[in-house]
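K.L.:
Below, each chain spelled out in residue letters.
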Amino acid sequence: MGTAPAQLFPEFLVETFGLPGVLGEVVAALIAAAVVGNIVLAFTGVAGPWAKRKITAAFTDRIAVNRVGPFGLLIIPASAVQLLAKELIVPEGVDRPAWDIAPVILPASALLGFSVIPMGRLGPINFHLADPEVGFALVFAFASIASVSLVMAGYASNNKYSLLGGLRAVAQNLAYEIPLIVTAMSVVLFAGTLQMSGIVSAQTTTLVTIAGFDIPAWYAFVNPFAFVLFLTANMAEIGRNPFDIPEAPTEIVAGYQTEYSSAYFVLFYLGEFVHIFLGGAILAVTFLGGASGPGPESIGFIWFVVKIWGFFLFTQWARSALPRVRIDQLIEIGWKGMLVLSFANLVLTAVIVGVIA
Amino acid sequence: MSDWIAIGALAAVGLLIPIGMMTVSALLRPSVPETGKSTTYESGETPTGGTKIRFNIQYYMVALLFVVFDIETVLLFPWAVIYRPAIQAGVPMTALLWPMLAFVGILAIGLVWAWRSGAISWARSPRATSRKTERDLN
Amino acid sequence: MKSMATTMKHALDGSTFTVEYPEDAPEVSPRFRGVHKFSQERCIWCRQCENVCPNDTIQIVQDDQRNGEQYNLHIGQCIYCRLCEEVCPVDAILLTQNFEFTADTKDDFVFNKEQLKNVPWYKGIDPLESRNPDRGAWIGEGDGEVDYQ
Amino acid sequence: MSLERPDTTDDAAIERTPDELEALLGDLVVKRDDHLNAPGFVIRPDTVQETLSILKEQAGYDHLSVVSAQEYENRYESIYHLKKFDDPTQEVSVVVPADKDDPVSESAEPVFRTADWHEREAYDLIGVEYDDHPDLRRILLPETWQGHPLSMDYDKDRPQIATLPEHANPLQEHHKDDESDTMFLNIGPHHPATHGVLHLKTTLDGEQVVDVEPDIGYLHRSEEQMAQSGTYRHQIMPYPDRWDYISAGLLNEWAYARAAEDLADIEVPEYAQVIRTMGAEMCRIAAHMLALATFALDVNGDFTATFMYAINDRERVQDLLEDLTGQRLMFNYFRLGGVVWDLPEPREEFFSKTRDFLDQLPESVEEYHNLVTSNEIFQMRTIDTGILPPEVAKDYGATGPVARGSGVDYDLRRDDPYGYYDELDWDVVTEDGCDNFSRLLVRMREVEESAKIIEQCVDLLEDWPEEERNIQANVPRTLRPDDDAEIYRAVEGAKGELGIYIRSDGTDKPARFKIRSPCFSNLQTLPEMANGEYIPDVIAALGSLDIVLGEVDR
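Chains as they are written, first to last, in my numbering: chain A, 1 to 357; chain B, 358 to 495; chain C, 496 to 644; chain D, 645 to 1198.
Hint data in this document are derived by calculation from the structure and do not stem from the laboratory.
Note that the coordinates shown come from a computational prediction; the quantities given were computed from them, not determined experimentally.
Any given hint might turn out to be false.
Distance windows between CB atoms, simulated [what the hints assert, rightly or not]:
#, chain 1, residue 1, chain 2, residue 2, range
1, B, 434, A, 67, 25 to 31 Å
2, B, 359, A, 42, 45 to 51 Å
3, B, 372, A, 18, 47 to 53 Å
4, C, 596, B, 401, 27 to 33 Å
5, A, 294, B, 434, 54 to 60 Å
6, B, 403, A, 42, 29 to 35 Å
Below, computed lysine to any residue pairings styled on SDA-like, alpha-carbon distance capped at 20 Å [said to hold, decoys possible]:
#, chain 1, residue 1, chain 2, residue 2
7, D, 845, A, 158
8, B, 394, A, 356
9, D, 997, C, 512
Quick reminder that beta carbons are idealized off the backbone N, C-alpha and C, glycines included.
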C-alpha cells in the first residue's frame, strides 16, 4: 500500500549537485546529516535556555528571561558561552573513560534517532535522511541507548546520588520500554509496515468529514486509547515529569548528572532536550500523522515542528502541574498497569484491524 | 542510495557535535584546581565509603522479566508487519490471530505467575522493613 | 487531574505577579523600616539609641565635654528593629523606607554621621508621619527611671 | 461555641491540687519550689524516672514540654516541664538539682522519648550529664567543642576547632557478613529538600531507608544567650522573629510577650489583644502557605506551579503585615503590654485590603485542593506514608499540625487561652490519617480557620470606639522582675507549642532564657516516620513536618 517513498534528503543533494559515486553519497549524507543535526540542535538551543523558562514562567505566573535581547532571546548564545566557559571539575575517583564517554552518548544516541524520522518538506527539500524498512524498530533502539549513558554516568561518577539516579534510570527504562513498543506495535498493525514513510502515508487518508473539515486518519484519532498509553510511556521513557525520578532534584539532588559541570553538563542537558524532541518526533510520526497538516505538502516541515513543540509544551505543562511518582509505584504502574493495558490494546487492535481490513 | 550511509553520517555528526563542544569548552574554560573542589558531592559532608559497593538494586527479577518480554516484542514485530497485508491477501483473521494469542497468552501466564509471586514489584528490603516494624512495636 | 487544568488556567490568563525590579520598584508601606537617616542638628547626644540597640549597631564617640564627635552605625549589622528611632526624644534618627544599599566589603557598611545624613528618602516618603502615633506610649510614660548615661 | 473540651472520663485527667500531687509523690519530693505557672517539686537526681513515671501514669501528665537546665552558683538544675495533652493548663515542674562538681542526674528518656534530644541539648550547652541516657552526645555544637557555652565558667575566648568528620555508617559493623551492603548517605546540609541546613545521616538499603538520624546545629546562633544579654523591656523582642523566620514572627513574639508579661504581671489592653490576635493569625496563614509551597516542592519537584501560587498568596498576607508592622518578616511589632502601633491610617483602607484578601482566600484554597490534595498522583505519594501514630507523637512531644495530623487534639489557643482567642468562634482542626497527607490537610484547613479569626477581629476592630483604642499598657521603662521568679509559658506557634522559660535574678535581664521550640521536638519524630520507607517518602515526611532550622537550632 501507500505511495512511492518521497525523495530523501541525501538523494536530493546527490541529484542537485551531481555528486558521483559512493564518495558522493557519503558527502551528501554528511551534509544532510549536518543540516538535520543542526536543526535539532537549534531546537534544543531555543528550548533549553529560553523556551523552557518562558513556558514554565507562564504556568507559574512569573516574568521570565526578558533582559538580554528582544524577548530575552539573546540569552541563548549568552548561556551557551557561559556554560561552555565554565571550569570542568573532575571529582576524585571517577571512572575516567566511562565518565567522559557518557555525556557524548546521550546526545549522540538521541540525535541518531532523528536519522529515520520523516520531518516533512520545506520547499523542495524533504527532511528525511534515511528510510530503511525497519526504521520504526530502529528509532526505538536508538532512543533506548540513552539509558546506557545514564547508568554509565551514574556509576562512573563515584557519587552516591549519581549511583541512585543511574539505577533508577535503568529501572524506569525496563518498566516502560515494553509497553511503549507494544503500543507502537498496534500502529504497525494498522500500517502494515515498519518503514517510517509508510506509517506516515498510512495516516494521510481521511477518517471522517465533519462540517466540511476532513479529519485525517491520524492514529491518535483512530485509536485514542493507544495514543494515551503511548504518550504516558513516552514521558516515562524520556524521563519527564511525573516520571523524572532519575533526576528527582529534591530527592537525589540531580541524579546521574550531579557531578557533571561545564561542557559535560551542557551535553547532558542538551541530550535530554534532544531526547524530548525525539520523543515528540516519534509521537508525531506514529500518532499525529507525521508532517501532514492543512496546506500544501511543501510546508509539512512546519507542521512537524509545531507538533514536536506541542509535545515539548506538554512536557513542561506536566512538569508544573504533576507530582513525581515514587520508584516502586513507577515499577508497579509500568508492569501491572501499562504492560497489561498495552497487550490488551494490541489484541484489540488486531481484532479491529482484522474486521475492517 | 543506501540508507545506512545516511544513518552512519548522522551518527558521525552526532558524535562530532558533542566532541566539538567538549573541545571548544576545553579551549575556553579555566582550570583552577583547589583542594576540596574535587571531592564528590554529598551535600557538603565528607562522603563515607564509596559507591563501589555491593548494593541492593531491588529490581533484579524485573530485569530478568524484561529480557523475556523484550525478546517477545522482537518476535512479535514481524507478525505485526505481515498481519494486515496477509488479511488483505485473504488469509482468515483467526488463522493469523491464534498463534499470536497463544504466544502472548503463554507470556501472560508467566506475567500472572510473576505478579502473584511478587517478582514484578519493587523488592522491599527486609532489613529496612524490619527496622520499621520494630519501631512500630514499641 | 484537575491540577493540569488549574495550571493551564494560570498560564492563559497571562497575569504575572513578579515585578521587574529595579524598573518597577515596589511600593513599600509608610511604616517600612530601611536605612537610617541621622540629623546632627537635632541630636542632643543623649546616647539612648546606643543604649537600647540590641546588638551594638550604633557607636557614639563624645569628647570629655560630652559633645558629640562621631555617630557611627554599622548598617550591615542592623536588624531594623527601630528601637533607636522609638527611643529618640528628638527624632534625630529615623529609619527611612530606603532598602537599596550595596557595598563591596563589610567595612563599607559602617556609616558615619555624614553618610547617614545623606541617606536619601525613598520615593520622598517622610516616615515620621505614619509612625508618630506610638510616641505617646513611650516618652515620659512609666515609672521606671529614664536611663541617661 | 466550638471551644469546649471533648469530654474525658479518664481517671488520669482529673485535676489535682499541688498538695495532692505532693502526697501522690510522697517521699520523692524533697521540697517545693513553685514556679509562677506551676507547682514545682524538687526531687533527688536519682529518682527522675520514678517521679516522672508516677506523674505520667497516675496523674496523667503525658506531655513533657521541655527540659530546661541551668547552672546556679551552688548547683546545676534540670527542670522537667510537664503538662497534659488533654488540658495544658494543668502543669507541674519537676526540679532536679545536680551536684556542682559532678552534675549527674538520671535521664528521663525511658519515660518520655522526647527527653532524648532535650537532655542532649542540656548536656551540650550547660554540661549536666544524664545517667542512663541512650546516646549522650552533643547535639547543637560540633562533637569537638570544648566546654559548655551556657555554663558559668565557660571561657568564650578559648579557640575552638570544628572539624568536618567522616560519619560512620551505623549499620556497617553489624552487617559485615550480610548478603548485601548498606550505603551511608548524607542528605544535607546542602541539599535541595532539607529546608535549610539540616543534615540527615541516612543508611540506605537500595531505595529504602534503613536508618535515618537528623543531625542539627548548623544554624545554632545561641539565641537563648542573646536573649539573656538583652533587657526585658526592649532588647529581647526583636529576636523571636528570628527563631522561626518563616514569617511566623508575631507568633514567636507572642511567646516571649506572654511569658514576660506574666512574669512582670503586665495587663495587656483588650484592643491590643485583638490586634495581636489578628496579626498572629496572618502570620499563621503566611507560615502555612510556605509549608504548603515547600511540601509541593518536595513531592512535585522543582518548578512546580503550586509553589509559586502559594508564595503569591503568602506575599499578599505579607503586604498586609507590612502595612501593619512596617516589615515583611522581622516585625518587632509587639511590645510588653501591647503593640507598638495602632492600625495604619487610614483604617478603612487597611480593613478593606484585609477583607479583599479574605474574600479571595477560599478561591485560592480551592485551587490548592485542585492542584495538590485532589491530585491522584499526590494522594498516591502521600497517603499512608510517613505514619506517626498518636501515642508516638505524644511520646515525642510533637505539637502543632504534626500532632493534630495524628489526631491529637491539642491546640493551646483553645486549651490554654490567651489573647482574644476564647472570645472568637473557630475550630481546632484535626485529622486522623497520621500520614503526610493528613499533616498537609491540617495546615490547609487551619488556613481557613485563621481566616475566620481574622475576619472576626476585623469586625471587632472596625467597631471599636475611638476613645478606647489603647494599644499599650503603662509599663515601666526598666523591668526588674522579682529575684528568682521562674515561669514557663507557651503559645501555639505556626509549628506547635512554642514555649519560653524565664528565670529572673532581679536585674533587668533574664538569668536564664530557655526556648521550647516546636520544630525541635517535631523533628525528633522523623526516624519514626522514615525508617523502612523509600527515599522520596523520607523527603516527603520531612517536608510534612514543616521544620524551620532557625527554630530547631536557635
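K.L.:
Between residue 845(D) and residue 158(A), does the CA-CA distance stay at or below 20 Å?
P.N.:
holds (19 Å)
K.L.:
State, for the Cβ atoms of residue 403(B) and residue 42(A), whether the hinted interval 29 to 35 Å holds or is violated.
P.N.:
violated (43 Å)
K.L.:
If you draw a straight line from the CA of residue 394(B) to the CA of residue 356(A), is it 20 Å or shorter?
P.N.:
violated (66 Å)
K.L.:
The hint says 27 to 33 Å between residue 596(C) and residue 401(B); measuring C-beta to C-beta, is that right?
P.N.:
Distance hint for residue 596(C), residue 401(B) holds at roughly 31 Å.
K.L.:
With 45 to 51 Å as the target window, see if residue 359(B) and residue 42(A) comply at their CB atoms.
P.N.:
violated (27 Å)
K.L.:
Does the Cβ pair residue 434(B), residue 67(A) satisfy 25 to 31 Å?
P.N.:
violated (51 Å)
K.L.:
Does 54 to 60 Å hold as the CB distance between residue 294(A) and residue 434(B), or does it fail?
P.N.:
violated (33 Å)
K.L.:
Quick one, are residue 997(D) and residue 512(C) close enough, alpha carbons at most 20 Å?
P.N.:
holds (17 Å)
K.L.:
Evaluate the given range 47 to 53 Å for the C-beta pair formed by residue 372(B) and residue 18(A).
P.N.:
At roughly 29 Å between Cβ atoms, residue 18(A) and residue 372(B) fall outside 47 to 53 Å, so the hint is violated.
The structure is inconsistent with the numbered hints 1, 2, 3, 5, 6 and 8, although it conforms to all the rest.
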